[in-house]
Each structure stands twice: as C-alpha cells, then as structure tokens.
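Residues per chain, in single letters:
There are 2 protein chains.
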Amino acid sequence: MSGPLSTPLGPGREFDRIRQMAERWKYLAKGLGDDCAFVDVGGATLAVSIDLSVEGVHFRRDWLSPQEIGYRAAAAALSDLAAVAAEPAALLLALGAPEQEPEATLHAVADGVGEAVRHAGAVIVGGDLTRAPQLVVDCCVLGRCDAPVRRSGARPGDVLVVTGSLGGPLAALTAWQAGREPSSDARHRFARPEPRHQAAAYLVRLGARAMIDISDGLGGDLQHLLAASRVGARLEMDRIPVHAAAAREAQVAGEPVWAFAARSGEEYELLAALPARTTEAMLRAAPVPLTVIGVVEAEPGARAFLRGVPVALPRGFDHFAGEGR
Amino acid sequence: MSGPLSTPLGPGREFDRIRQMAERWKYLAKGLGDDCAFVDVGGATLAVSIDLSVEGVHFRRDWLSPQEIGYRAAAAALSDLAAVAAEPAALLLALGAPEQEPEATLHAVADGVGEAVRHAGAVIVGGDLTRAPQLVVDCCVLGRCDAPVRRSGARPGDVLVVTGSLGGPLAALTAWQAGREPSSDARHRFARPEPRHQAAAYLVRLGARAMIDISDGLGGDLQHLLAASRVGARLEMDRIPVHAAAAREAQVAGEPVWAFAARSGEEYELLAALPARTTEAMLRAAPVPLTVIGVVEAEPGARAFLRGVPVALPRGFDHFAGEGR
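Protein chains in written order, with this note's numbering: chain C, 6 to 330; chain F, 6 to 330.
These aren't lab readings, by the way, just hints derived from the structure by calculation. This list has only true hints and no planted wrong ones.
Identical copies look the same in the list; a pair holds intra-copy or inter-copy alike.
Okay, derived cross-link-like pairs now, EDC-like style, lysine to aspartate or glutamate, Cα gap no bigger than 16 Å in a straight line:
1. Lys35 with Asp45
2. Lys31 with Asp116
3. Lys31 with Glu120
This is chain C alone, in the form it adopts within the complex (with noise of 0.2 Å):
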C-alpha cells in the first residue's frame, strides 16, 4: 500500500478508524502504523510513542492502587519503546484528574510513573497537570534508536517468538469480571508489567526483522505484525507459553489454555520474527524466556494449528468493537 499510512495495520473497527484519518491528513501524515513514531534529529532517529489510559476504560480504582495505575501507564508507553528496539530515553505525563482528587492520589501516580521510569533508566522531562472528570493518564515517551526494528520486515521462513509468557493479566480480570479477588500472580503481572527493553535489545543481536508489542492480544498483534509485512503466518498454538494463572482461570472457565492466552491483552511481552538460522542455544541465552510459537509463510493471513488440526485464532482487543472491560 502507498500512501500516508506507511506501516498496514491488520483488521478492526479502532484500525479501520485509524486509516480513515490517515486518509484525511493525506501528506500531512508521516509514519503512522508502527508502535513508535520516528523523527530524524541531529543525524540520530528518535522514537516517539503515546499511550493514553483514562479511569474506567483503561483501570478502575477498585482494582489498581494509584502507584500501579501510574507504574501501569507508565509502563505501557515504555513497551511501545522496547517493540522497535529503542532505549528509553524520556517520558513526559499529561495528568489529568478531578477537581477534589486528594494530593496523596496524585502524589501515588507520579510515584508509580516514576518507577517505571526509574526501571527502565529514564528520566521524567515535563508534562501538563489538569482537571478532568476522571482520572486520565497520558504517557508520552521518547527514546534513542539507531536501528529501529519495525513491524514490517518479516519474512517467509522466519521464526515467530514470543517473551515470557501469556495470559497472566487476563486471568487478573477475568477473576475480577466474576467479583473474585484475582491470584496474586495473575494480579502481580496486570498491576506491574514489565517492558521488555533488554529482551528487545537481544532481539536485535539475533537479526529481529520486525517486532511489535501484545497490548491487543497476540491474535490482533500477530495481524498487525503480517500485515505490516505483507506476510501471513504458521501458528502452533500449543507452543504458546502460558502463565500457570491463565492455566488455572482457562480451566475454571473451560475454555482451551492456548485460546485464553492468545486473546489476553496488555501483556507488554514482545513478539518479534527471527532469522530462520536462530539456534536453540541463541534462544536459551535470552535475558528472559524466548519462545518459537510459529513461521512466517508467503501467503497472507494467520493460520493457527493445533497438533495438526486448524483451530481459530482469537482476535485481539478493539477499543470500538463495543466489548468494552
């Protein structure tokens, strides 16, 4: 596709409305489609990304203490970093927040943003501090890129890898959507994600084509990885890594493990598409578990397999798709 939207996103009423502006703006847009905006400046290329969270859309107060709805924010802008490869260099917060909100709730979230920001070795430049009917929390990041690994350049015959492991901040709100106090694991990895800068960076060194984070669920990212790439993509979904809380909630639930794992979004672990010549042994030495889950193919689309039989892969979260949360 030419045109302003350099980077296809995969299918979606939130994607379709994406490119409908990006139709509007014409040459006005520049880039758009990737986890990171990239500005040239100074012979160096900057990634740039934000991430607005707003109360009861994006976290609710009866599930997050203020520091993790701060860290949580924080955290998902920095993960937009770590999917090109770009080390963390500056985050700027828009806060907005009730006109009564007590001091110590703010003060909570900008301790819990700057934790975030303290993990991944950055520092906090400005912002914009406003009433709003709710809590509102809008990260802006910034970060150093000398080659930036984008979502387009997968290729027939790499290997597609996940990091860590799946379904864990599903699980949180799957026990919290039936009024249960979620495991604390399963609360653990929704409250405190961990963008994956140095899985991102080892990534690199291994010949990463193309990258992208799991905020919409592996089935919605996946798509958009392939159609960035204009690839499609060999799944097999029992390789998928899945956290022991989404084991427990899929079987409470009775819903297959894979297909619960591979719908949990914001899970800020990266999937990227390696070389076909990436060994055992290069994967082992990751900083965190890497995990061959399928292969790039030649034909477009996804096609998910298990052992052998054609499954559907779950799609990923859309904004506008009226599931709501």
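Once you have looked at the hints, place chain F on chain C.
Positioned in the frame of chain C, the structure of chain F alone reads:
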C-alpha cells in the same frame, strides 16, 4: 533554587502540585518548568511538549465545532514550541472518544488537528485512539531547537513585550457563560488561536532573553517568567494591547479593560523579555504587532501601575483553584 524543578514556577495550587511531584521524583525529573522539555539527540536539541484537552474542562461542544476542538488542541500544544522558539516538526495525537461517537466527529477533530499542523509546517507522525467517557484530545509536539529561549533569562533593564492583543478569548467565554453568542471576532479569537512561530523567530533575532506563551493569562504567566528568571517587573497596565471584542465585553461587565485583558487565558500570544537596546523601529518591523508593556527590575514580584498609580495585577487561571469553566 536547586533540585529537580530547574525552572521555578509562579504561585498557584496547580503549580504547587507540579512542585510536589518534582520533589517526589527527585533525580528522575530533569528540567521541568518550561513551556517545553528539551531532549538532546545526536548533537541537536529537541523541544517536546504535551497538552491535554478534556471535554467539559477545556472545551464544550455547544461552543466549538469538533474541527475547532481539534484545531485548538493542536494549536495550544504548538504554541508551547513557539514559546521556546522551536521550529515545529511533528505532532502525535492521542484521541479518546465515547464508544458510540459518530465517525464524523473523529474525522472533524482529525481535520482540525491537521489544519493546525499544516499551518505550523509540521507533520503528524503517530498517535493513539481509544475509548473515553468524553472527548479527550491530547497533543504531543516536537520541534527542532538550536537555541532554546527559556523562561529564565530575563535580566533587570530588559523590556517586556507581548505579541498581538489580549482579551479576545475571555470576551468569547464571558459571552457564552452569560448565555449570549460571542461576537464573531471574539469567537474567532477563541476558536482559532494562531501559534506565534514567526513572531518567536523574530524575537530571537531581537535577542529575546526569556519567553513564555500566555495560556494562563498575562498576570499568571508573567509571574512564571519572573520566578524562573529570579527577577521582578514594573508593568504599565494602560499599555496592554486590548482586543476590540475585549474592550466591548469589559465595558458591559463594568471592568477596566486592562484588568479584563490581563486575566484572559488561552491567548497563545507570547510574552518576551528583550534587551534594553531594543528600538521602536525593531518592534515595528515585526511580523505581528509587538507592544512594550513594562520593564524587568531586580526586586522580585510584579508591580502593576495605571498611569503612575499602583493597581492589583489580576491572577492567572489555575486548573485546581476552583474557578471552574
């Protein structure tokens, strides 16, 4: 003041809160307190700012069209680049909207953002689209900045100048709040602020030592500039250039026109400190009207005079001071 907040802020609860956050972040916070953050990349300096606009707080749909809402949100962010004399390069748009919001609204907001970006000679490089209980328009802007003008460089003897004329946005707000339709010039001034990029470049050529954009009102923003520069000022209130619509509204309200103009926020005009050597001819050659309204003095504090008689300087708008809008 040493410590994380490298540029001191003026008085107000909003700024107390920013100070407290910076204290909590300690060494994590770098250079907060200017209109923009500055990030050094590859030998160049990038100015970055983030500006959060929330429906019901910063705009109302019965006052502005969706296109004007988008334009104004982007112009407000771009104005922060003008305030530090950075050349606009790129904008990221994070847009939140209710689930059932018509496509046409989002398209119109996008068109308005695009219009402001085109006027500024920048491009749109990324963003985030999400569900929110009301319209939330968050713009992050990046600009190239060889020689940033900060708030902190004013020195005793400098002259204080403002661009354009003040009071137009408050004239529109006053009419709306009284249930009247604003005059078309007042409405235009509110809905279509023009970030002063050309004026900023000209002020740099005149040797501008300190600048700020007037977003919280001349009274409030002058206090920030003086606090940052650790100086004071004498203001001649009868010299303040007053927008014609403001003069009319002030008369209706029985308020001195200078007081009305000095408390009007969201002007997006620039306030600058220029060297004492600045001549009338230099000011006349500017791309927008420049008016001398006072002089910088060594003694801290802002002292306002009306034809030689001391008067109170109206305070600026503070999002957490309970004035509401």
